[in-house]
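Trainee: Here the protein sequences come in this chain order: A and F.
Counting in the numbering used here, the first sequence runs from 1 upward without gaps.
Counting in the numbering used here, the second sequence runs from 1 upward without gaps.
Fair warning: there could be bad hints in the mix.
With a straight-line cut-off of 30 Å between C-alpha atoms, the simulated BS3-like cross-links for lysine-lysine are [stated by the list, open to error]:
no., chain 1, residue 1, chain 2, residue 2
1, F, Lys57, F, Lys17
2, A, Lys37, A, Lys5
3, A, Lys5, F, Lys57
4, A, Lys37, F, Lys11
5, A, Lys71, A, Lys56
6, F, Lys57, A, Lys71
7, A, Lys37, A, Lys56
8, F, Lys57, F, Lys15
9, A, Lys68, A, Lys5
10, A, Lys68, A, Lys54
11, F, Lys57, A, Lys37
12, A, Lys5, A, Lys110
Label-pair ranges, simulated between beta-carbon atoms [unchecked claim]:
no., chain 1, residue 1, chain 2, residue 2, range
13, F, Ser27, A, Gln14, 36 to 44 Å
14, A, Lys68, F, Asp103, 19 to 27 Å
15, F, Thr114, A, Glu42, 14 to 22 Å
16, F, Thr76, A, Glu15, 40 to 48 Å
17, A, Lys56, F, Gln84, 43 to 51 Å
18, A, Glu15, F, Gly51, 44 to 52 Å
19, F, Leu39, A, His72, 21 to 29 Å
20, F, Glu14, A, Gln2, 26 to 34 Å
21, F, Ser27, A, Phe46, 13 to 21 Å
22, F, Glu104, A, Ala70, 23 to 31 Å
23, A, Pro111, F, Thr116, 36 to 44 Å
Calculated from the structure, these hints are not laboratory results.
Backbone N, C-alpha and C define an ideal beta-carbon position, used for all residues, glycine too.
For reference, the chains in residue letters:
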Amino acid sequence: DQQVKQNSPSLSVQEGRISILNCDYTNSMFDYFLWYKKYPAEGPTFLISISSIKDKNEDGRFTVFLNKSAKHLSLHIVPSQPGDSAVYFCAANNAGNMLTFGGGTRLMVKP
Amino acid sequence: GAGVSQSPSNKVTEKGKDVELRCDPISGHTALYWYRQSLGQGLEFLIYFQGNSAPDKSGLPSDRFSAERTGGSVSTLTIQRTQQEDSAVYLCASSLRTGGVFDEQYFGPGTRLTVT
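Isolated chain F, as found in the complex (with noise of 0.2 Å):
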């Protein structure tokens, strides 16, 4: 079946300009999560997604960062007034929560964002 979809996968922005990343996770997949990647460092965690919960913000580097999620399905991650060091990665995950000890997390390939 269709894995984790990411759009677009590479962006190259001014600084200053915002942006919307965005996220088609796994059909009947309730979590979905976001984390980045900045270069030569390990996944930072971003936000997370259960169902219709509140998300889980705490990942979160600033108010410049928000995030998304219509219908229960698709993700959109906005980034306000982009900056140098906002230049990474950015991987969305999903999960079926299945309320098990853990649940496995599939990846989408990622989006590169690239601030000059």
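So that you can see chain A by itself, here it is in the shape it has in the complex (with noise of 0.2 Å):
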């Protein structure tokens, strides 16, 4: 059963506009969020995070949102960059020691 799932396999976005990625959940124990970036052959790197105490945080080009009720979580992206093209995953974790992780979204933006 997966616990955070990315429905969106991929998603393609012209240069300078936004790029939303959705993630859903459904453990209500969930109580931190993540977004990492992976470009091929590297580890996923860290770009940010939320707690479920907040229903938003901010930085630079990137907000993520948390809907609690709707167990939902969204990375924005604006304006996208042809650099910002990678694979987005979104992560949760319940205080334990481990990342649950969605599918992936492939993210692709067109100069």
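The task is to assemble the complex, starting from two chains supplied on their own in separate frames and drawing on the hints.
Mentor: Shown next, in the form of structure tokens:
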């Protein structure tokens, strides 16, 4: 049973526009959420996170929104740049030792 | 400073053989994690080491998988009698484990294992 799901395997966006990546989860015990970015042949790198006590966290061009009632979070990138093209994973933590990852969304930003 | 390193970067092995994958965490990081990513899937937690505590093995898929961490630093993930479904990218991560809400995990580049 997948506890964290990213239902869009890929997303294509024009440079300068907004990219919105979505993530849904089922475990109400998750209390910390993260987005990781992964380039080919490299390990994932941390991008942005949000605690369950917040509904929004912003860092430059990246904003994460959390809707606890809907068990949904999203990552907004604006404006999108070609260098943002990568696979994005959302992950969730419930104060334990492990992260539970979604399946990833491949973002392609076209110049 | 140096990040998390893993070796080998690629490993092709025959079904039934044993393999060892190595992870060198960031110096000073007390926590070490192993994950794997099968084709088209997300990252799956395998095992977690924290200091001298007993490891959290709850993610290991079968008893063919084992891992050790020597001297609180380098870790080796061993897969015995490999099967084709073991083919995946095996990722190692480390973190400081300062005891906060969450400690950022820094990932290595992974080892791509192919079982033929």
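Trainee: The structure should be examined with respect to each hint, and the outcome stated for every one.
Mentor: The hints, checked one at a time:
Our distance criterion of 30 Å between C-alpha atoms is met by Lys57/F and Lys17/F, whose separation comes to about 22 Å. Our distance criterion of 30 Å between C-alpha atoms is met by Lys37/A and Lys5/A, whose separation comes to about 16 Å. Among the hinted pairs, Lys5/A with Lys57/F is consistent with the structure: their alpha-carbon atoms are about 23 Å apart, no more than 30 Å. With a C-alpha separation of about 24 Å, the suggested pairing of Lys37/A with Lys11/F holds against the 30 Å cut-off.
At roughly 14 Å between alpha-carbon atoms, Lys71/A and Lys56/A fall within 30 Å of each other, so this suggested pair holds. Between Lys57/F and Lys71/A, the direct Cα distance comes to roughly 28 Å. Compliance with the 30 Å bound is thereby established for this hinted pair. Distance restraint check for Lys37/A and Lys56/A: the Cα-Cα separation of roughly 19 Å lies within the 30 Å cut-off, and the hinted pair is therefore satisfied. Taking the CA atoms of Lys57/F and Lys15/F, the gap is about 24 Å. The hint holds against a cut of 30 Å.
At roughly 15 Å between alpha-carbon atoms, Lys68/A and Lys5/A fall within 30 Å of each other, so this suggested pair holds. Taking the CA atoms of Lys68/A and Lys54/A, the gap is near 9 Å; set against the 30 Å cutoff, the hint holds. For the hint pairing Lys57/F with Lys37/A, the CA-to-CA distance comes to about 26 Å; that is within 30 Å, so the pair holds. The hinted pair formed by Lys5/A and Lys110/A meets the criterion: a straight-line CA distance of about 25 Å does not exceed 30 Å.
A C-beta distance of roughly 43 Å is found between Ser27/F and Gln14/A, which places it inside the suggested range of 36 to 44 Å. Between Lys68/A and Asp103/F the Cβ separation comes to about 23 Å, which falls inside the hinted range of 19 to 27 Å. Range check, Thr114/F to Glu42/A: about 19 Å between beta-carbon atoms, so the 14 to 22 Å window is met. For the hinted restraint 40 to 48 Å between Thr76/F and Glu15/A, the CB-CB distance of approximately 44 Å keeps it satisfied.
Restraint check, Lys56/A to Gln84/F: a C-beta distance of roughly 44 Å satisfies the suggested window 43 to 51 Å. A hinted range of 44 to 52 Å for the beta carbons of Glu15/A and Gly51/F is consistent with their spacing of about 46 Å. Between Leu39/F and His72/A the CB atoms are about 27 Å apart, so this pair conforms to the stated range of 21 to 29 Å. At about 31 Å, the beta-carbon gap between Glu14/F and Gln2/A stays in the expected band of 26 to 34 Å.
Restraint check, Ser27/F to Phe46/A: a C-beta distance of roughly 19 Å satisfies the suggested window 13 to 21 Å. For Glu104/F and Ala70/A, the hinted distance range of 23 to 31 Å is satisfied, since their beta carbons lie about 26 Å from each other. The supplied range of 36 to 44 Å is met by Pro111/A and Thr116/F, whose beta-carbon atoms lie about 40 Å from each other.
Checked against the numbered hints given earlier, the structure satisfies every one of them.
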